[in-house]
Every structure is written in structure tokens, then in C-alpha cells.
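Protein chains in written order, with my numbering: chain L, 9 to 353; chain W, 10 to 466; chain H, 116 to 416.
Any given hint might turn out to be false.
Simulated crosslink set (DSSO-like; lysine-lysine; CA at most 30 Å straight-line) [as the list claims (entries may be wrong)]:
#1 Lys-315/L to Lys-79/W
#2 Lys-351/W to Lys-420/W
#3 Lys-205/H to Lys-244/H
#4 Lys-348/L to Lys-309/H
#5 Lys-307/L to Lys-79/W
#6 Lys-285/H to Lys-346/L
No wet-lab data here; the hints were simulated from the structure.
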Amino acid sequence: MSATETPSTAPAPEAAIPTSRTTSGPDLAKIVIGVVIMAAAAAFPFVVDDTATVRMVSLGLIMAIGAMGLNVLTGYTGQISIGHAAFYGIGAYITANLMIEQKLTFLATLPFSVLICAVAGALVGLPALRVKGPALALVTLGLAILVPTLLHKFGSSGGVALWKPKRSHLNSPVDALTNTQWKYLVPLAALVIVYVLTRNIVHSRAGRALIAVRDQEVAATTAGINVAATKITAFAISAAYCGLAGSLSVLVRGQADASSALAYFQMSIYFLVAVVVGGTATIAGPILGGLLVQILDEKAPDWSGNKVGMAPFILGTALVVIAYFLPGGILGGYRQLKAKLTRSP
Amino acid sequence: MTTKRRRAAAIFAAALMVFGSACTNDDDDPVATDGGNGGDSGNVGDQIEGVLEDCPEGTDTAGIDGNVIKLVSTFPQEGSLAAFAEIAKGYTAYFDMVNDEGGVEIAGESYTVEVETFNDNYNPPETVENINRAFGPDGDGAFAAFSVVGTANNIAIRDDLNDLCVPNIFASTGSPAMGNPDYPWMIGSTLPLYSTEAAAFAEYLKAEMPDATVAMLLQNGEYGDGYEESFNQAIEGTDITVVATQRYDAGLATDVSAQVTNLANSDADVFFNGATLLPCPMGMTKADELGWDALKYVSGTCASKTLIGAAEGAADGVLSASNVMDPSNTDWDSDERMKLYKETVDAWRTANSIEGADVTNGVVAYGWTLGELFVKALEASESASRSAVMASLNNLEVSAPGVLYEEITVKTGENDRFLGEAAKIARYDLARETFVPLDELYDFEGGEAIPESLITG
Amino acid sequence: MDVELFLNQVFNGIGNGVGYAAVALAIVIVFRTTGLFNFAQGEMAMLSTFVTWQLSESMPIGLALVVGAALSFVGGALVERTLIRPMEAKGNPLGTVIITIGLFISMNALIQLIWPPSKAQSNPFSMPKPFPNRGTVEIFGAHLSWFTIWFVIILLIECALLYLLLQKTKLGLSLRAVASNQESSKLVGIDVGKMLMIGWGLAAAIGAVAGVLLASRTNQFDVSMMQFILAYAFAAAALGGFDSPLGAVVAGFIVGVAEALAITYIDAVDGIPIVVPLLLIFFVLLFRPEGMFGRKVVERV
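So that you can see chain L by itself, here it is in the shape it has in the complex:
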């Protein structure tokens, strides 16, 4: 029964190799590109005047953070989850709750949300020590439905689990920034922090342990890696990222909500699409994927004459096509292409 076997092959082994290659030394061209991208990203809300566009990209950055979280688990550690938006929901509720009940400022809620989600993630990681592969996917699917259901039952006022901090409490505290700019720059800053953090983790001993667990779980054990601790750490980190994304969503969307039991499930799938399309087990891939998914989700109805179902159809199809033809995603594919070109004389 292959379902209970350990995943024997990495989803994208070819994608991981160039990553480690580039760390061998500082690459001037890379640094320049990085600085240019950063500058462009920071300048974006000052250049683009359209509130809706800035908001869309801002939500894309948030989607990217969630996808980076899932990537730590699925991409690097090989544990599939189709319910990670459950943590996104928990993060959103913690932030909304602390703002409403404890009168905390938005930024002050973030440490709580990240920490609580990390603990929740570690707890969910426990079953993953026993349950593997598709069965783990099933457990996480259950989680994605269970969390909003419980919030609905116990966290709702008037039958709707919708928590809205006061609109003015989400406004920009910096006079020089408009609300729209503030609600873009905060997620951007968070994304940069998460990016640096992920980079450090992946290139550390802990990061190599994640990959070892993914590629050869049994072998990893014999090599002295504590598989249980590694898996639980991966769950905790990924849940913390997703929780942060959820908290940030309250800033941009103005609400934490769980009125549909399937909303988090769909969000989880979108995280997965972002990871697979952008590039499994690459650091920047999920950022690219997250932005693409969000933009597609918002714009597809416009492009298709408001056809219901166009966005999920494109995203679902992209998931199948990319998983099959481009297992390293866009970024992995690009690196493969580049490697091929540089190798040939």
C-alpha cells in the first residue's frame, strides 16, 4: 500500500540543488537584483494611486507569507497539509479578539498570534508522527473544517463568527502614511522578516534536518536526526507563519471571519497552489506564487466577463499542470533553464 509508505522522493529535488549552490558565495548581481526588487516593492504604494490595486497586492503579500509557511512543511519537510489556513484563521481571531477585548494596538497583537499559532502547530504536528502522506492530508482537511465550525459555535455573536475591530483602530499611526500605504507596508515588512528568517532556517543545520526527513526519513533517523522533533518544529514554524498571515489579513480586510466552514479549506488549497506554482522547496517561490494566486483570484472574474468559477478553474488546472510538467514550479523551472544555459558552452 503505497499510501502508508514514506514519501520516497522529494517533490522537487532539482529545485533544492541550485538554492544551495547560490549560497557558496555572495553574488553581486543577486544583491543588486534584491535591492532593486525591495526598492520597487517599497515604492509601490507611493507610485500607484489606485487603492484597490494596492490592497490586492497587499493581500498577495499576505497570501505569500501563508504559502511560505506551508512550504516549510510541505516543500522542505515533505508533510502535506490541505488545511493550513486553519492557523491563518486562528491568527486572525487572536488579533481581532485582542484588539476588541484587550484594546491592544494591531502591532501589539502580532507576537501573541505568532506564539499561540506556533504552539497550536506543534500540537497538530503530534498526530503527524503517526499519520503520514494522504492520511495526514485528510487530518489537516478535517482541521480546516473543524476550526471555523468551532469558532462559529463558540466564538460567534448572533450566529456569525465575524469579529471586526473598530475601523479607526486599524488606521495608520504614522502621519506621513495614508491608511492604504500603511496597510501595504506592514505586510511587506512582515514578508521581508519572514523571508530572512526562512533563509536562515533553511541554510542552518535545522533546515538540512527538515530536508533529510523529507527525502529519507528512515535514513535520517539512523543519521542521528530526531525525526519527531524535526517534524514538530516544522509544523510549529509553518503554523506561526500562517498565523501571522491571518493577523495581517485583519489589518487589510478589517475583519476576522469564519462564516463558511469551507472558506479555510479553500484558502488552504490556495496556499498549496501558491507553493506548487511558485516553486516547492524554494524560498522565494511561494512569494511569487502567493502574488500570482491573489491577483488571479481577484482579476479572473474581470477578464472572463464575470464568469463564476473562472478563477478556481484556472488555479485548479494550474495546480495539476504545474505539478505534472514543472514539479519545481516557476522558480524551479527558471533555475533549471538557467543551469542548462550556463552549462552549455
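Chains W and H: place on chain L using the hints.
Just chains W and H now, kept in the frame of chain L:
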């Protein structure tokens, strides 16, 4: 003879209410009297005037582009929830007619009315999303929100719209919370209030089954609470008792078999089916299957052709409360207002926005009524501005607008911002596939039938 | 305890459970043959349901159901051949999960693109009834609906046919051989690929029948019908053991009845009955992954 006495009592009660409200409310509108002096401040009601200072600058005439007043609505447009989407076809037909005839005249100038609609799947967060998107951070993306469907949906957007001084007009829900004085920029619709429905049905029971036992199926949340509290208040001091209640969760399931089975087990005389959308017909069908021989009452929100039709035989003889002439009832075909409604919707049916509109659907007729009432409010408005239109909506007195029963006058004042305060009990006739109203009109004008907790809730 | 209430709730549970059982059966057949969880099983059934509905516009519903199930068989086999097998060949179990998730999303969306939900505003999708399903049979004062009776009968017929196919035919022998060991089957000359296609086809056809029957239960259906049922069906499959068709069917009824009784007697799940299957999934996978009837699987390195 009981009928006669009951009617006398009702008339007396109604008179008392009107008298009572006249005494307590100083609503002999100052607006109308100093309307002539043209200044902005004098033209608006006290409530609006008071809060106007806190509004974002220069947004009082936002959403009027040239001579086009742009409205925004959001409601479920897909799948089984789409029964509510028919409302828009009714008011769109009315606006199309008015626009075609040159528009609405406000303070000597002609305006046309346009509505942009969004789908929110009846899901409050999506409603918030749509409203945020349509109005933008400063609330100037459109003139007003119009006929947003759902209690929780309107409650989810009321803070933002109120803060931004955006009118939320004719919130399509029977919740008395839409008349909450803390939210002067919001006003409910002509839909009978839950309290009106519950009180009218209680009055009916008092006369017909004075010692009835009642089992209630309710949706979780404000909507279900509204029925329960109003009905309990209305049966206070009578021999009518509620012997069982069961709730279901709208967002999570449509199967209410288990709940109805529990209710049937109480063997109550009356099944108060407060469900809406698909759980409502499923509740009726299940009750029948269980052989539960109870008098059935269904929520006014369920009395649409689509939903009643889904219950098939189980809907025969079901009661509901309503204030519109059911357009599927051919008895009304000779009525002039009904004729205008049917002819207009028929004429505009091919227009894209109301494609497939079914004139015989009561929900469309309700939408039509909202359209007419809004145009009347615009005509009575001192100027084409948000504050003036809101003031006008708070001082309505229109008799028999749209296709409401001709005995009904829609009346609002500063302290009575409720439109749906009168209703008749109607019985569904399966053979004719229509609701046939009973004679009596239960009129609770003045707000006494509304439990206080529901308004401020 | 009130016997009539209890029985009525048990009947409610059977009425829902028969749907869970039917979808669980499809999930288990796929798992047995290919060792995969097909997360798209519910949406494949949904697509079959809409196709059958379209067919029923131009032919009697009984015929439409047969044609729809046959088309679904072909469709299921094609999905296995074109999407699942090439991915399996890459030896990437995560990849196949991702494929079925992608199918879940895109099939649901495809249905909405072909049959726009906005069309249902004034004319809801309404499935003609394959059998008269109004009315009830009274048993000890409780009422069992004809819909439930018919659905159970049809499911039992399916089970009997499946049993005959698997146990009494040569094809069935090959199917069982592939289910228990693909490599050995290959060695004895069984066309493994063909068997995998047949497994997926059978599952799709069973799903199609379940979808059509569920859609005909009420007077209207929409594209979301299968989404919640999928969670229940997976719970049933887990409880029954993922490789036991009989277990799936029995567990389907157990899940349905457990849910109905929980609503009646446990206040904590009032309004959120879906926690019942979810908790079942968690507990079974954690503490008894082989389910009630499944075989214990030894992990290979």
C-alpha cells in the same frame, strides 16, 4: 362573533398605538415646515444633523455623477441562495421605468438611478468585502447601499457605513435592529418585521386556537432570536405556550430532519417554521413525512415561489405573514398597481439586468415596492444629498406603495424608523399555487410590538 | 427514552448515512486499486450528476442515470490513465495528492462554468425522481421515508453486483490481485494498468449514482452538494477501513446514525453536527488506522 370582537379590539389597539405614538413622538415634522429656506442645516432631521459634523468632508453628495445617482447592493446571487436575488429584479424594473420616463425630480432637477450589484453568497464577510470595495476607504464610491440582503450581513456593515455617513437604505431583513437609533444612516425595508410577523401570527392564534402548543424551528442568531422573543412577548398572558424549540446553523448545513423530528416529538399543535432558504421547505416536507399533523406557519422570507414550490404537497394550507399582494394570485389581476407592476416587469424583462424575472414571484413584487418607495423618498427630498434623502426616508408617509395591501400606509418618523409594521396572515393554496390573504390586517404602527432588546441588539 | 423519537432519529441517520456510504464505497474502491485518497471523488460525482441532469432533459431519468453512470465510468478511467498514472510513475505520492486536490477545485469550477449558478435564480436545478420518493412507511410509530428505502435498496444492489464481480468473475480475480499486490500481479501476466482504470471507472460510476440520488432527494440541488458529504464519506471510509468496501458501507450508516443521535442527545454538537465525522477521522487515523474491517498494513522501507 369572535371575529367581530377581535377586529374591534385590533382597531382599538391600533388606534391606541397611533394615539400613543402621536403623544410621545414630536414627529410633527419640523422638516416640512422650514423646508423652504433652502439652507442645508434646516433641511435635515435632527438625528442626521447631529452626526453630520462627524462625517468625512464633502461626501454628502458623493456618488452622484452628473445626474446619475449610483446605488450599490450586495446579496446572494448563486445556487440555492439565489432566491433572494430576485428582489433586485423588482426594483431594477421600477428604476428602469422611471429613468426611461426622464428620471426622478429632486429640487427641480432630474436624476436617474442606477444600481450596481455584487454577490456575497449570503456570507457577511463577503458583504463587508463588497461594501468596502464599492465605497472605498472614504465612502465616496457610490451614493448609498440599497436593499442589502440579510440580518447578519447588514449588521456586519452598519458600523463602517454609519462611520462614513453612507446611507444604508431598505436593508432587506425583517430585523428590528435596522431601526436602531444609534445608526441613523441605516433604515430597514417594507419587509414585515420579525416582530410584526410573530405578533400577527400570535393574534391569529389567540382568535383561532387560543390554547395552542407551539414548536419553533429557528435559525441560530439574531434572526431566530427575533422570532422567539417577539412571539414570546406577543403570547404573554395568553394560554398559548411554546413547548419546543430547535435551532439550526445556516452556514453549516441545510438538513434539518433531526431538528424537525425532535419538534414533531413534542406533538405540538402548531409548527412555527422560522427557517429560511432550503431548510424551510425541507422542514415542511419532513414534518409531513413524520405524520406530524400541526398547523404550519412559515417565515415570510420563505413565502417565495421558489421555496414554497420546493415543498410541493407539504406546503398546502401553510400560513405565513405578508404585506404584499401575492402576484401569483390572479385575484389581484384587476388591481391597477398590480397591473402596472406586471406590465413594467414584462416590458423590461428582456433588459439584461432583469433577465428571466418572473412577475408572479412575490419576491420580485417586494423589490418593486422598494423601488417605488425609494423614488417617492427622493422626490420628497429637499436636495440630492445623502443627509436630505435620509431625512426624507425618516419622514415618510406613503399609502399603499408598490404592491403593498391597499390598507397599508408606510409611515416613519424620527422615533419610529420601521416600515414593515403591518401584515396579514395568508394561507397557501396548493391547487392555485398562491397565497390567499385572510381579511384581517394586523397593524402595529408605533413600534409597541417590538421587544426593545431586538432594536438595540 | 422515547422509542419513537429514537427510531425516527435512527431513520434520519440512515437516510443521510446511505449517501455517505455510497460515496465512501467509491473512495474505498479507488484506494484498494491505487492506494490513493481521491479527494476529487465528490466533485467527480457532482460532475456526473450535472451531466445526468442534462441528459434527463432529453430522455427518461432511468435511462439518463444508466448513460450518466456509463459516461462516468469512462471518465473515471480516463482520469486514472491520463492524470494519476503518469504522476504515480514518477514515484511521487505527494504529487498525486496535489493532482486530486487540483481536480477537486477545477471540477467544481468547471461545473459552474458550464452550468452557471446564476441560471438557477429563477429556475433551480431540479433532478427528476428516478423512483417515487414521497411518503413514508410506519414502523413502531416512526416514519421511514421511501427515499431512504429506495436508496438503500439501490446501494445493496450495487454491493451485490460488486461482490459478484469481484468474487465470481475472472476480471474480479484480477482486480483483487492488483489490489493486494501490484508487482506480483504483473508477474502473473495481469494487465495492471487496465485494472487500475477499471477501479477508477467503477468508483466514478458508483459516485454518479450516489450523486443523482442525492440530488433527487430534494427539489433542487446545487454545485456545493457534495462538499460536506465528502467529509462524512471519508470518515466512513476511515472507520470502515480504507480497503474494505463492506466496511465503508456499514460505516457510512454508522456515521449517519451517530450524527443524528448526537444532534438529539448531545447538546454540545447542537448546530455543528459536522464535528462528528471530523472527530471520527481524527480518532480512527490516530488510534486504529486500519479501521474496523481493514487489514493492518506493514510499513515498508
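**Q.** Index of numbered hints that the structure contradicts, given in increasing order
**A.** 3, 4 and 6
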